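**Student:** Single-letter residue listing:
2 protein chains.
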Amino acid sequence: MLSNIRILLVATTHPGNIGATARAMKNMGLTDLGLVTPKIFPSDEADARAAGAEDILQNAQVFNSLDEALADRQQIIGASARLRAVTWPQLNPKQCAEKVIADSHLKTAILFGRERTGLSNEELERCHYLLHIPCNPAFSSLNVAAAVQVVAYELFQAALEKSSASPMPITDEEKANGEEMESFHEHLLETLFAIGFLHERKSSPMLIRRLRRIFNRSALEKTDIHILRGILATIQKKTSRHQTPINTP
Amino acid sequence: MLSNIRILLVATTHPGNIGATARAMKNMGLTDLGLVTPKIFPSDEADARAAGAEDILQNAQVFNSLDEALADRQQIIGASARLRAVTWPQLNPKQCAEKVIADSHLKTAILFGRERTGLSNEELERCHYLLHIPCNPAFSSLNVAAAVQVVAYELFQAALEKSSASPMPITDEEKANGEEMESFHEHLLETLFAIGFLHERKSSPMLIRRLRRIFNRSALEKTDIHILRGILATIQKKTSRHQTPINTP
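Protein chains in written order, with our numbering: chain A, 2 to 250; chain B, 2 to 250.
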């Protein structure tokens, strides 16, 4: 579902960013990296920052022009930090991911521009959509690999969601049912009366309600109930020993 | 809405990652960076990678221990790439962000571990929730600053969404902070050893972890802690009476 997506870095200056982009892509299951006129490539710094994603770098295609890189692309999306004078169809990362995954049969390119200046107007005009990552307006320039990370993350989540029309079962342990919870609460109160923490007449209903809330909020599993009742039984045994020494084993 | 969120880097090795984290935070409107025993800090490399977010580095707090860093925190979330034996309440970045923004009155810490090994089991057990970024299972180790970028991005989106909905603030009672939770857990274990439910050598760490989880999951308030410790004190008094009858009033 992700194989038709090409991440395209345009005129990247720092090779470290190319390596970090490769790592971000591989983390999120993307494999197709294109580099349009990179300043330095290949490089040791890119390999170091790839940190296990060197295969993405080795398979990266280097293009001499944007035209060449886009020749076979059916859908083109350009990342842009700026708002443009001419309104262009604009997507946030989540919308972009949902669109790209829904159109996963289309050969798509997502363009990320130069570190300092991003994509030129001419480059942006090649795009069907602009991609804007909402962020702090006072400090809006994301590192290019960080921007790829965000977009790749959303692509992976969208692919996961789409493929989980047959969903991965959450194999939680079995939650306690109402009956088990009630028996536990009874056991708890019985024990608290026995040790004298609660007193038949004096204890406020508020306090009892509060105790109930503590454990209800915890969404106890069957095993939890088993452990907690084990503790209660131990307390009962220990304290009843004191009162009826005859029962001591 | 984002001011109560502390990003906490634990034992970070590469100063470049600290700088990149600061940049990722500032891009997404986060300001509170905590560093637990960083290997190298401050450093020129961190400043270079911050690329305009040096103010976040200058205001970063350096802590000598995780305890110190969490002392005033009421909600603790730990990033984890691994799946654990005992299931712990787990959030993806979007769920995490929605929860943290909904609880924006709580002092929250989000922990990110070492570059190679992440957070230790002991550190993860301090957390109310684990945060897992779904990704390529064959290459699942995100760069730490890239992980912060994804989480910060989701936090900013959730804040944006909430501010455009402008709901009523939830006036919860005050949640227990990290220090109160730790004292409670210590008191609980002490009591369980005293009554013989736990045994110094025989009791499994799994069981102890599970007990911790039951109460962490419940998001205890200060008053809850007070009540639970009252129960523990009563149990201790009752059972010590049995062993040392001389103390009986």
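FYI, nobody ran anything at the bench for these hints, they're computed from the structure.
There may be inaccurate statements among the hints.
Chain copies aren't distinguished; within one or between two, either way the pair holds.
[As the list claims (entries may be wrong)] Heads up, simulated DSSO-like pairs for lysine-lysine below, C-alpha to C-alpha not over 30 Å straight-line:
| no. | residue 1 | residue 2 |
| --- | --- | --- |
| 1 | 203 | 223 |
| 2 | 203 | 108 |
| 3 | 108 | 163 |
| 4 | 203 | 176 |
| 5 | 100 | 239 |
| 6 | 238 | 163 |
Note that the coordinates shown come from a computational prediction; the quantities given were computed from them, not determined experimentally.
**Student:** If any of the earlier hints don't hold here, list their numbers in rising order.
**Tutor:** Checked against the structure, the hints that fail are numbers 2, 5, 6, while the rest are satisfied.
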